[in-house]
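K.L.:
Residue numbers (the working numbering), protein chains in the order written: chain A, 1 to 419; chain B, 1 to 419.
Source of the hints: derived by calculation from the structure; they are not laboratory data. Be careful, since some hints might not be right.
The list treats identical chains as one, so a pair stands whether inside a single copy or across any two.
Below 20 angstroms or equal to it, Euclidean Cα-Cα: the simulated SDA-like pairs (lysine to any residue) are [unchecked claim]:
(1) Lys-61 <-> Ala-51
(2) Lys-172 <-> Phe-122
(3) Lys-346 <-> Thr-103
(4) Lys-261 <-> Asn-393
(5) Lys-346 <-> Asp-312
(6) Lys-273 <-> Gln-316
(7) Lys-273 <-> Leu-408
(8) Lys-211 <-> Ala-49
(9) Lys-346 <-> Ala-414
(10) Lys-273 <-> Leu-413
(11) Lys-248 <-> Ser-332
(12) Lys-183 <-> Pro-216
(13) Lys-176 <-> Leu-235
(14) Lys-380 <-> Arg-62
(15) Lys-61 <-> Ala-49
(16) Lys-348 <-> Val-315
(17) Lys-211 <-> Glu-158
(18) Lys-147 <-> Gln-274
(19) Lys-211 <-> Gly-73
(20) Lys-346 <-> Val-315
(21) Lys-261 <-> Glu-31
(22) Lys-321 <-> Asn-393
(23) Lys-382 <-> Pro-129
(24) Lys-368 <-> Asp-165
(25) Lys-172 <-> Arg-60
(26) Lys-348 <-> Gln-316
(27) Lys-261 <-> Pro-361
(28) Lys-211 <-> Thr-75
2 protein chains.
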Amino acid sequence: MEAVNAEIITIGDEILYGQIVDTNSAWMGTELTKVGIRVKQITSISDSALAITTALDDARKRADVILITGGLGPTKDDLTKNVLTAYFRTELQLDQQSLDDVTAIFSRRSIAVSELNRQQAFLPAACTPVRNVLGTAPGMWFEEDGKIFVSMPGVPFEMQRMMTDTVLPKLKVYFKTPEIIHKVVQTIAIPESTLAERLEAWEVSLPPHIKLAYLPHLNGVRLRLTGQGTDANILNEELEQQVTALVKLIPDNIFAFGEIKLEEAIGLLLKEKQLTIATAESCTGGLLAHKFTSVPGSSAYFTGSVVAYHNDVKVQELHVKPETLQLHGAVSEETVKQMAENVRLKFKTDIGVATSGIAGPDGGTPEKPVGTIWIAYADKDKTIARLLNYNKNRLLNIEYTALAVLNLIRQSLAPTVEE
Amino acid sequence: MEAVNAEIITIGDEILYGQIVDTNSAWMGTELTKVGIRVKQITSISDSALAITTALDDARKRADVILITGGLGPTKDDLTKNVLTAYFRTELQLDQQSLDDVTAIFSRRSIAVSELNRQQAFLPAACTPVRNVLGTAPGMWFEEDGKIFVSMPGVPFEMQRMMTDTVLPKLKVYFKTPEIIHKVVQTIAIPESTLAERLEAWEVSLPPHIKLAYLPHLNGVRLRLTGQGTDANILNEELEQQVTALVKLIPDNIFAFGEIKLEEAIGLLLKEKQLTIATAESCTGGLLAHKFTSVPGSSAYFTGSVVAYHNDVKVQELHVKPETLQLHGAVSEETVKQMAENVRLKFKTDIGVATSGIAGPDGGTPEKPVGTIWIAYADKDKTIARLLNYNKNRLLNIEYTALAVLNLIRQSLAPTVEE
Chain A
1 MEAVNAEIIT IGDEILYGQI VDTNSAWMGT ELTKVGIRVK QITSISDSAL
51 AITTALDDAR KRADVILITG GLGPTKDDLT KNVLTAYFRT ELQLDQQSLD
101 DVTAIFSRRS IAVSELNRQQ AFLPAACTPV RNVLGTAPGM WFEEDGKIFV
151 SMPGVPFEMQ RMMTDTVLPK LKVYFKTPEI IHKVVQTIAI PESTLAERLE
201 AWEVSLPPHI KLAYLPHLNG VRLRLTGQGT DANILNEELE QQVTALVKLI
251 PDNIFAFGEI KLEEAIGLLL KEKQLTIATA ESCTGGLLAH KFTSVPGSSA
301 YFTGSVVAYH NDVKVQELHV KPETLQLHGA VSEETVKQMA ENVRLKFKTD
351 IGVATSGIAG PDGGTPEKPV GTIWIAYADK DKTIARLLNY NKNRLLNIEY
401 TALAVLNLIR QSLAPTVEE
Chain B
1 MEAVNAEIIT IGDEILYGQI VDTNSAWMGT ELTKVGIRVK QITSISDSAL
51 AITTALDDAR KRADVILITG GLGPTKDDLT KNVLTAYFRT ELQLDQQSLD
101 DVTAIFSRRS IAVSELNRQQ AFLPAACTPV RNVLGTAPGM WFEEDGKIFV
151 SMPGVPFEMQ RMMTDTVLPK LKVYFKTPEI IHKVVQTIAI PESTLAERLE
201 AWEVSLPPHI KLAYLPHLNG VRLRLTGQGT DANILNEELE QQVTALVKLI
251 PDNIFAFGEI KLEEAIGLLL KEKQLTIATA ESCTGGLLAH KFTSVPGSSA
301 YFTGSVVAYH NDVKVQELHV KPETLQLHGA VSEETVKQMA ENVRLKFKTD
351 IGVATSGIAG PDGGTPEKPV GTIWIAYADK DKTIARLLNY NKNRLLNIEY
401 TALAVLNLIR QSLAPTVEE
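Bound-form chain A, shown alone (with noise of 0.2 angstroms):
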């Protein structure tokens, strides 16, 4: 089977300048490999004319895809629409579709469309549009000579949504991709060097058509076996049986399967359980609050938080003896699980966590630096806390204590599943 090669253009100065970090590549070149589509080239220019061309004719010898990102917002500096319009040798239309979404996002802001807006309807009569619901723009899908060339405006959200709404679908189709089977393992609490020792002997051991891949996040490294094969069955039988093999090597660093998030991960055995957690946060500030309720139907288990990050707030709305402030600091074991126990009370929930830590960059001691953070966690049995020490960049040290606090969740509630 040949290999589909596709290249992605992203154009704006914003990227080439450094303005915005350019995440949209990272995304497709992801979503692209999961679908068996090789990303062979990625090409940021500007909003020129020439430089739009010029691309396009060098992508078209190297890609049998091309996917385009940017330049399609209504102003004058936008050109993509245009120069797109010119290459294909076509002409702009009215596309009824476009101009009824442009008038419904409109309409639900209360506000009449502008004529700039307006303008974003007429597509080159050459392509076929990738609806946009949820932004102005409107994709556009070309084919010529076999390959295809796919316009899609620069915001994350719009262009992934049209992404997956309509384009890879699409490509699948025309390209007859092959079976792609991913299976993803989610690890924690284990560094990278480490887990790549734990599982040499097994990953030599796979056979040729069944990849693995690190992939390290902020939370962990998720595994990801990748299968090509013709027929999907077998080929899932096989790589469940992998990932059964994988399983037996780190069973303790495990916190999901599938693409989800450790928050969501929490959710379900929270949900599984029937349990309830309230969160008492001062380092983490509202983050551990707002990572439960991110995931939807989180208010079956979450009900609320007390940031408390002025000290009388501890005291006043967690009941923190003033006395354990004074003699262990707010940064102590002794305050943080007072935090925690007593947001479970206040709160009437099975569960409470509690954080309280120097996220930095001022605020640390010769005793307790910067990145020095307790958490805790309590039921009705127990209550465990931990010292974390992290360095000194404050958002990550706030991320990595959310975190942090999660992975204590789950390894206090572990014992129970093997009851």
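Starting from the known structure of chain A, fit chain B onto it as the hints suggest.
P.N.:
Chain B in isolation, oriented as in the chain A frame:
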């Protein structure tokens, strides 16, 4: 003055397959722009001799400076050095300084230099080595036909140190670069198309050496003015005058000058006015508190938050009247006003803000569909509530609501500025 054009080439399959996001190019783009070098293209390719050679041939047609990152590791899939040696028709020879640097790094770790790492000190005879004091792969500076080619490792902190210490200073001298100055004006609550209409006449009147760019973000459109000239003082004054003219056209929609986030701008405003704030969050679920506390030094004005996800918490902790919930529901002007007023009293702050809405994807009704969200602001003089209508994406609804509250704070505090 002739513009100096640059091209960035990043080498490595991990970027093409989306396993890592290419942040190096954005960093380099920012730094090159600052010294007046214009990035014309960023090209990401795989570790293949043909791909590298083709990219170099294409890049030298467009650019005066070609900056290459990646593919300098010690393993056999790293080809860059050998490809460059062939490309410049030269041969490898030992560079003693590089060997000393590698040896120093290993002796700090108390490890002997491996043969693979020793080989990294062999460099093409035609290059000027670029020292890497943080890693084992030295950089290489080539000059040919008035073009500069620089190869650096892909490890971000190594590349950044080499750029800052060696490459950027050498480029400034080599190309005698012009002065370039940027001014950023951050707008909010005005769509890009409306903005473009309001600014059109002024934008058209800009002198040719000053350019305007629209950079849309979740929280609004950043406007960036870029001027190029020979005298930094004169140029800066010209740009300041243009910014003054711009401000007059959209006086109510500017929240900051320069590269800062909305929550930082609000933090500065609260600090300046010596005001404290607390949040009562239902649908934002802690995100608002997280935004406030992500800013260093926010403990000076942010006191805490009650995340009242369950209605019992709204009654018990925020003293929302049960009859209000029964009569108007949790998502109502009455409820959200009580939440804002009562969290302010509870935490003894100057300002209280609140959110209550249906983030989705479930929980909508015909009268209150998903995306129906109430927000409120309360201080000693007034309580202001506002109804928001968003679409169906849960995470975006949460994000936009938090930004809308920050903007409501800005607007509520604004009149006092003009007193």
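K.L.:
If a hint holds in the structure, say so; if it does not, say that too.
P.N.:
To see whether the hints hold, each was checked on the structure:
{"no.": "1", "hint": "Lys-61 <-> Ala-51", "result": "both (16 angstroms within a copy, 12 angstroms between copies)"}
{"no.": "2", "hint": "Lys-172 <-> Phe-122", "result": "neither (28 angstroms within a copy, 45 angstroms between copies)"}
{"no.": "3", "hint": "Lys-346 <-> Thr-103", "result": "neither (48 angstroms within a copy, 44 angstroms between copies)"}
{"no.": "4", "hint": "Lys-261 <-> Asn-393", "result": "between (23 angstroms within a copy, 17 angstroms between copies)"}
{"no.": "5", "hint": "Lys-346 <-> Asp-312", "result": "both (17 angstroms within a copy, 11 angstroms between copies)"}
{"no.": "6", "hint": "Lys-273 <-> Gln-316", "result": "neither (32 angstroms within a copy, 26 angstroms between copies)"}
{"no.": "7", "hint": "Lys-273 <-> Leu-408", "result": "within (16 angstroms within a copy, 40 angstroms between copies)"}
{"no.": "8", "hint": "Lys-211 <-> Ala-49", "result": "between (39 angstroms within a copy, 18 angstroms between copies)"}
{"no.": "9", "hint": "Lys-346 <-> Ala-414", "result": "neither (25 angstroms within a copy, 38 angstroms between copies)"}
{"no.": "10", "hint": "Lys-273 <-> Leu-413", "result": "within (9 angstroms within a copy, 47 angstroms between copies)"}
{"no.": "11", "hint": "Lys-248 <-> Ser-332", "result": "neither (36 angstroms within a copy, 52 angstroms between copies)"}
{"no.": "12", "hint": "Lys-183 <-> Pro-216", "result": "within (16 angstroms within a copy, 36 angstroms between copies)"}
{"no.": "13", "hint": "Lys-176 <-> Leu-235", "result": "within (17 angstroms within a copy, 57 angstroms between copies)"}
{"no.": "14", "hint": "Lys-380 <-> Arg-62", "result": "neither (62 angstroms within a copy, 66 angstroms between copies)"}
{"no.": "15", "hint": "Lys-61 <-> Ala-49", "result": "both (19 angstroms within a copy, 17 angstroms between copies)"}
{"no.": "16", "hint": "Lys-348 <-> Val-315", "result": "both (18 angstroms within a copy, 14 angstroms between copies)"}
{"no.": "17", "hint": "Lys-211 <-> Glu-158", "result": "neither (31 angstroms within a copy, 27 angstroms between copies)"}
{"no.": "18", "hint": "Lys-147 <-> Gln-274", "result": "neither (53 angstroms within a copy, 61 angstroms between copies)"}
{"no.": "19", "hint": "Lys-211 <-> Gly-73", "result": "between (40 angstroms within a copy, 17 angstroms between copies)"}
{"no.": "20", "hint": "Lys-346 <-> Val-315", "result": "both (13 angstroms within a copy, 13 angstroms between copies)"}
{"no.": "21", "hint": "Lys-261 <-> Glu-31", "result": "within (17 angstroms within a copy, 30 angstroms between copies)"}
{"no.": "22", "hint": "Lys-321 <-> Asn-393", "result": "neither (30 angstroms within a copy, 42 angstroms between copies)"}
{"no.": "23", "hint": "Lys-382 <-> Pro-129", "result": "neither (59 angstroms within a copy, 49 angstroms between copies)"}
{"no.": "24", "hint": "Lys-368 <-> Asp-165", "result": "neither (50 angstroms within a copy, 27 angstroms between copies)"}
{"no.": "25", "hint": "Lys-172 <-> Arg-60", "result": "within (19 angstroms within a copy, 36 angstroms between copies)"}
{"no.": "26", "hint": "Lys-348 <-> Gln-316", "result": "both (17 angstroms within a copy, 11 angstroms between copies)"}
{"no.": "27", "hint": "Lys-261 <-> Pro-361", "result": "between (28 angstroms within a copy, 17 angstroms between copies)"}
{"no.": "28", "hint": "Lys-211 <-> Thr-75", "result": "between (45 angstroms within a copy, 14 angstroms between copies)"}
Of the numbered hints listed earlier, those contradicted by the structure are 2, 3, 6, 9, 11, 14, 17, 18, 22, 23 and 24.
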